[in-house]
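In our numbering, the protein residues as written are 1 to 351.
In case anyone wonders, no lab produced these hints; they're calculated from the structure. Quick caveat: nothing in here was measured; it's all calculated off a predicted structure. Worth double-checking, as some hints may not be accurate.
Unchecked claim - With a straight-line cut-off of 27 Å between C-alpha atoms, the simulated DSSO-like cross-links for lysine-lysine are:
#1 Lys61 / Lys76
#2 Lys55 / Lys306
#3 Lys243 / Lys233
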Amino acid sequence: MNVGWSFLIFLVLLLIPWVGVGVLGLQGLFVTVIPYVCFLIFIVGLVYRILNWAKSPQPFKIPTTCGQQKSLPWIKHSRLESPFNTFEVVLRMVLEVLFFRSLFRNLRADLQGKKLIYGSAKWLWLGAILFHWSFLIILIRHLRLFTNPVPSVIQFLDYMDSFIHSFGVPPVYITDILIIVGLSFLLLRRLVDAKVSYISHGSDYFPLFLILGIVITGVLMRYNLKIDVYAVKQITLGLATFKPAVPEAKIGTIFYVHLFLVSVLAAYFPFSKLVHMIGVFFSPTRNMPNNNRAEMHVNPWNYPVKHLTYAEWQERFREVMENAGIPIDEEVEKEEHEWYTIYGPNKNLNL
Numbered sequence: 001m002n003v004g005w006s007f008l009i010f011l012v013l014l015l016i017p018w019v020g021v022g023v024l025g026l027q028g029l030f031v032t033v034i035p036y037v038c039f040l041i042f043i044v045g046l047v048y049r050i051l052n053w054a055k056s057p058q059p060f061k062i063p064t065t066c067g068q069q070k071s072l073p074w075i076k077h078s079r080l081e082s083p084f085n086t087f088e089v090v091l092r093m094v095l096e097v098l099f100f101r102s103l104f105r106n107l108r109a110d111l112q113g114k115k116l117i118y119g120s121a122k123w124l125w126l127g128a129i130l131f132h133w134s135f136l137i138i139l140i141r142h143l144r145l146f147t148n149p150v151p152s153v154i155q156f157l158d159y160m161d162s163f164i165h166s167f168g169v170p171p172v173y174i175t176d177i178l179i180i181v182g183l184s185f186l187l188l189r190r191l192v193d194a195k196v197s198y199i200s201h202g203s204d205y206f207p208l209f210l211i212l213g214i215v216i217t218g219v220l221m222r223y224n225l226k227i228d229v230y231a232v233k234q235i236t237l238g239l240a241t242f243k244p245a246v247p248e249a250k251i252g253t254i255f256y257v258h259l260f261l262v263s264v265l266a267a268y269f270p271f272s273k274l275v276h277m278i279g280v281f282f283s284p285t286r287n288m289p290n291n292n293r294a295e296m297h298v299n300p301w302n303y304p305v306k307h308l309t310y311a312e313w314q315e316r317f318r319e320v321m322e323n324a325g326i327p328i329d330e331e332v333e334k335e336e337h338e339w340y341t342i343y344g345p346n347k348n349l350n351l
């Protein structure tokens with residue numbers, strides 16, 4: 001049911017620009033108004049999510065670890081699995097964001113009879129790598145449409161992505177093939193795997209349909225349904241310089257479908273699960289070092305606590321102690337006592 005509704009909404013989104021441009025001739029609406037409105041929603045929504053994450057207190061040290069924590073000098077600790085300082089946290093984050101290190105170790109569990117069998121799940125890691133890296137490269141490649149002249153870095157990336165010229169003209173981009181393979185795997189995994197399908201919602205299927213629609217329309221424009229690239233460049237440069245204009249040359253309806261789906265994705269991004277690509281940097285399970293034994297983590301929700309030394313405590317309850325027959329240590333002096341941690345005196349604790 002979830003997949004059905006998601007696909008139905010996707011089909012409606014496909015029909016909107018098809019009817020709006022192909023039948024009603026509203027090119028100006030889909031070239032100027034909708035992209036700017038969706039981009040504004042993207043910026044405002046993303047800023048809201050980031051500020052909301054940034055101001056969320058972190059009451060506990062909860063970094064996810066699966067290695068030896070740093071303790072005594074003669075015990076070797078795991079720098080990546082249990083980072084102790086900021087450098088080690090950054091190193092783990094880089095490997096996590098760029099190479100999905102934790103997903104590479106992921107296991108799948110199957111119940112066979114009365115036995116729980118664990119097995120490798122490297123295919124999920126490979127599918128995620130193919131999709132995310134291809135999407136990033138394609139996004140960078142598209143910057144050539146918004147710049148004039150095109151930076152040499154983007155030209156080099158474009159050349160490396162299309163170095164296979166044996167399939168004819170235009171050259172086939174490798175990332176076009178890989179992103180379709182990766183997206184197809186991620187979608188089929190949710191449709192075929194009963195366990196994954198059971199826990200999947202419409203918010204899991206809809207982004208896959210939307211991105212797959214963007215990719216397919218883009219591939220069709222490049223290899224099958226030819227469009228006026230010069231007119232497209234006019235539109236994109238106009239959007240980038242805030243001087244939008246509808247070109248006089250006729251562009252195929254497929255371009256407006258592609259642009260509309262991209263605009264919808266931008267507006268939908270801050271409110272979807274796709275925003276995890278930003279949220280991972282604000283996750284306390286990832287961005288906090290595991291140094292509880294060396295540094296005290298103060299809960300920002302706590303009210304200021306007044307700690308008493310033994311001398312102050314004894315002075316406060318002297319009468320009660322005397323009535324109860326508890327001996328009073330007369331040799332205790334206030335100035336000789338400080339607040340101690342297990343590592344020694346700490347006069348800078350803001351408690």
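Hint check results:
1. Lys61 / Lys76: Distance ~22 Å between lysine 61 and lysine 76 Cα, so the pair holds.
2. Lys55 / Lys306: Since the Cα atoms of lysine 55 and lysine 306 sit roughly 26 Å apart, the hinted pair holds (cutoff 27 Å).
3. Lys243 / Lys233: Given that 27 Å is the threshold and the Cα spacing comes to 13 Å, the pair holds.
Violated hints for the displayed structure: none, as all numbered hints are satisfied.
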